[in-house]
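Student: The primary structure of each chain is shown beneath.
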Amino acid sequence: MDIKELISSAFEALGLNRTRTALATLGIVIGIAAVITLLSLGKAGQASVESQIQSLGSNLLTIIPGSFRPGDFRSASGTSTTLTLEDAHTIATSPKVHGVKNVSAELQRRAAVQAGRQSVNTSVTGVLPSYKSIRNISLEAGNFLTESDNTSQAKVAVLGPTTASDLFGSTTNAVGQTIRINKISFRVIGVMTSKGGGGLGGNQDDVVLVPLTTAQKQLFGVTYIGSLSVEIADQKQMDSARDEIGYLLLSRHKISDPANADFSIFSQADILSTINQVTGTFTALLSGIAAISLLVGGIGIMNIMLVTVVERTREIGLRKALGATSKVVVAQFLTEAVILTIMGGILGMLLGTMLSFIISKVIGLPFVLDPVSVALALGVSGILGILFGWYPARQAAKLSPIEALRYE
Amino acid sequence: MEESAAPAGEPESKLDDNMISVTHLSKIYKNDSTETLALNNVSFKVAKGEFVAIMGPSGSGKSTLMHILGALDSPTKGSYILDGTDISKLSDDDLAKIRNQKIGFVFQAYNLLPRTTALKNVMLPMLYAGISEDQRVAAATKFLKMVGLGDRLQNHSNQLSGGQQQRVAIARSLVMSPSILLADEPTGNLATAQSEEIMEIFEKLNHDGHTILIITHELEIAAHAKRTISLRDGRIVEDKNNGHKKWTSKN
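Chains as they are written, first to last, in our numbering: chain A, 150 to 557; chain B, 12 to 262.
Hints may contain errors.
List time: in silico DSS-like cross-link candidates among lysine-lysine, alpha-carbon distance up to 27 angstroms [said to hold, decoys possible]:
1. B:K100 x A:K547
2. B:K131 x A:K153
3. B:K56 x B:K251
4. B:K156 x B:K113
5. A:K385 x A:K250
6. B:K88 x B:K100
7. B:K153 x A:K153
8. A:K476 x B:K56
9. B:K113 x A:K547
10. B:K131 x A:K476
Simulated DEER-style distance windows between Cβ atoms [what the hints assert, rightly or not]:
11. A:G164 x B:N166: 13 to 21 angstroms
12. B:D97 x A:P520: 54 to 62 angstroms
13. A:V459 x B:A204: 46 to 54 angstroms
14. B:E211 x A:L165: 31 to 39 angstroms
15. A:F516 x B:I142: 47 to 55 angstroms
16. B:Y40 x A:Y540: 25 to 33 angstroms
Away from chain A, derived, C-beta distances all over 10 angstroms, residues of chain B [said to hold, decoys possible]:
17. H35
18. K100
19. A140
20. L171
21. A204
Rather than coming from a laboratory, the hints here were simulated on the basis of the structure.
Since the structure is predicted, the reported quantities are computational estimates derived from the model, not experimental observations.
We treat Cβ as the ideally placed atom computed from N, Cα and C, and that holds for glycine.
In isolation and in its complexed conformation, chain A is listed as follows (with noise of 0.2 angstroms):
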């Protein structure tokens, strides 16, 4: 028996009853859809992640005070206080640390940003002019804070676009308007090109950087900062400079085992990878329970199929009292079962798609599609088709022809 008749009459015996046929792939659909979803938005947000470490700058070692020993919550991060702008001297002239290019310190809290009638809550950042160029910042008016701006803690601020377009609308330029931090009035000396993203790690466009004794001195009253970054000049180097800062930073905080170090050195692939440690255990989660709803749909069609296989008893026993074998009965309702899956299939990966495009521009995310878990979603529904449509169509290959033309 070939194939397109095979299928044609498979259309012809599911077309019956369309009502029974559309919600007995709604199962199916709904996890096909789950399925993709899941995926495309995992692969977005990763993509997206990955961008906005990459617009960090590359080469990039990161020192945070404090300890991320497990077990240790002696020193929980951010409260520590054993960085200082004079480690980041020494990182900088040091003859120990080999490749060093720039370094920055910075400071971030979140304050109130005021101007005018506008206040927003964000991020101001402390930083060193080394900042400029280890972020790859750069400016779309105005200039950047300059060594003397630090020395003499002048009261100057650098504005995220996205700051800029809060406190002064879009069309107002912000360079040379004034803000207020905490009460303390600053002059706007320059506003940001956007970095875009968002998501993890807060948005880079939503930012305030101030002089870094600036925001020690005059804003936060404090001595240390909150963290250093360390511009390597080649990639080969990373490992090495991060050691030789490593003892570099023991000997200067005098402490021997570095089991005990105050501070943690991260390069921007621990980060990386420890986010796509994260995102990849909430996809494999969240596949699961998709994968949960797949196998309830994949019972849905089963269940639907041996009720289809006891109403058509007559009609199975007539076709094998026609000269129909067990292996052409098993086609003609395994071939059912898999139409209806991969219908599901098709319909949940569509919906899926759109879900998954609508989710990611509400939550400005970019839109991957992946073609692969498209390929995936209709293998899938095949495989399962195939699975749960065996059973019913072994019981009606099963059949004796002589009970089942004797069926009312």
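Let chain A serve as the given structure and place chain B on it in line with the hints.
Tutor: For chain B alone, kept in the frame of chain A given last:
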């Protein structure tokens, strides 16, 4: 018991001339503790071109016999040779092939696929034989015309009257050029006038050389056949020529 009453002019004895040869056929249904002997040592032969009615009250074993003759079931004991092939010990799939190629079924309830055209219904057995679509359409059209439904090819089976449906079923039974036609109470669901029409078609088919077995409990229907085998309690109790019929064919 009369043994094999072949129509005059056709030599008996040679195995090749027997379309059906049933020897010492028994069928026992086992049901946990009880055994039912549905057919008890039945033997008979049917020659090519015969028109045989198998009669008997319910419980006589005629349905069991029909199932075995139709290759829908296998006998417990004995042999059944159909058109030169011993089919008493074949596998299910081989039996399906025999049913497809050698047996044309006509059922009491017509058993057409609902919401399917007359043409597609008649094409169905050819589909299982792997015949090409062009040939299927040509043959199905030919046989539907033959039973007088040339203008109903595209009608769905449920849009046809009972008599018309049974004629579609007859066309379907003929498309594979089977060795025998097996009709199980073919007029059981029909009014008298339509019954007569159907039986006339069978008579004509028999006249054209088809071997026909018809299972019935109605004497009037059996009277259309040239030979009647009567069953009771799983045994053949009578096997007689319907003499008058034999000589009054309508040519």
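Student: Hints first: check each against the structure and report whether it holds.
Tutor: Each hint, compared with the structure:
| no. | hint | verdict |
| --- | --- | --- |
| 1 | B:K100 x A:K547 | holds (18 angstroms) |
| 2 | B:K131 x A:K153 | holds (15 angstroms) |
| 3 | B:K56 x B:K251 | holds (13 angstroms) |
| 4 | B:K156 x B:K113 | holds (22 angstroms) |
| 5 | A:K385 x A:K250 | holds (13 angstroms) |
| 6 | B:K88 x B:K100 | holds (10 angstroms) |
| 7 | B:K153 x A:K153 | holds (24 angstroms) |
| 8 | A:K476 x B:K56 | violated (33 angstroms) |
| 9 | B:K113 x A:K547 | holds (23 angstroms) |
| 10 | B:K131 x A:K476 | holds (21 angstroms) |
| 11 | A:G164 x B:N166: 13 to 21 angstroms | holds (18 angstroms) |
| 12 | B:D97 x A:P520: 54 to 62 angstroms | holds (58 angstroms) |
| 13 | A:V459 x B:A204: 46 to 54 angstroms | violated (37 angstroms) |
| 14 | B:E211 x A:L165: 31 to 39 angstroms | holds (35 angstroms) |
| 15 | A:F516 x B:I142: 47 to 55 angstroms | holds (51 angstroms) |
| 16 | B:Y40 x A:Y540: 25 to 33 angstroms | holds (28 angstroms) |
| 17 | H35 | holds (22 angstroms) |
| 18 | K100 | holds (17 angstroms) |
| 19 | A140 | violated (7 angstroms) |
| 20 | L171 | holds (16 angstroms) |
| 21 | A204 | holds (27 angstroms) |
Hint violations for this structure: numbers 8, 13 and 19, all remaining hints satisfied.
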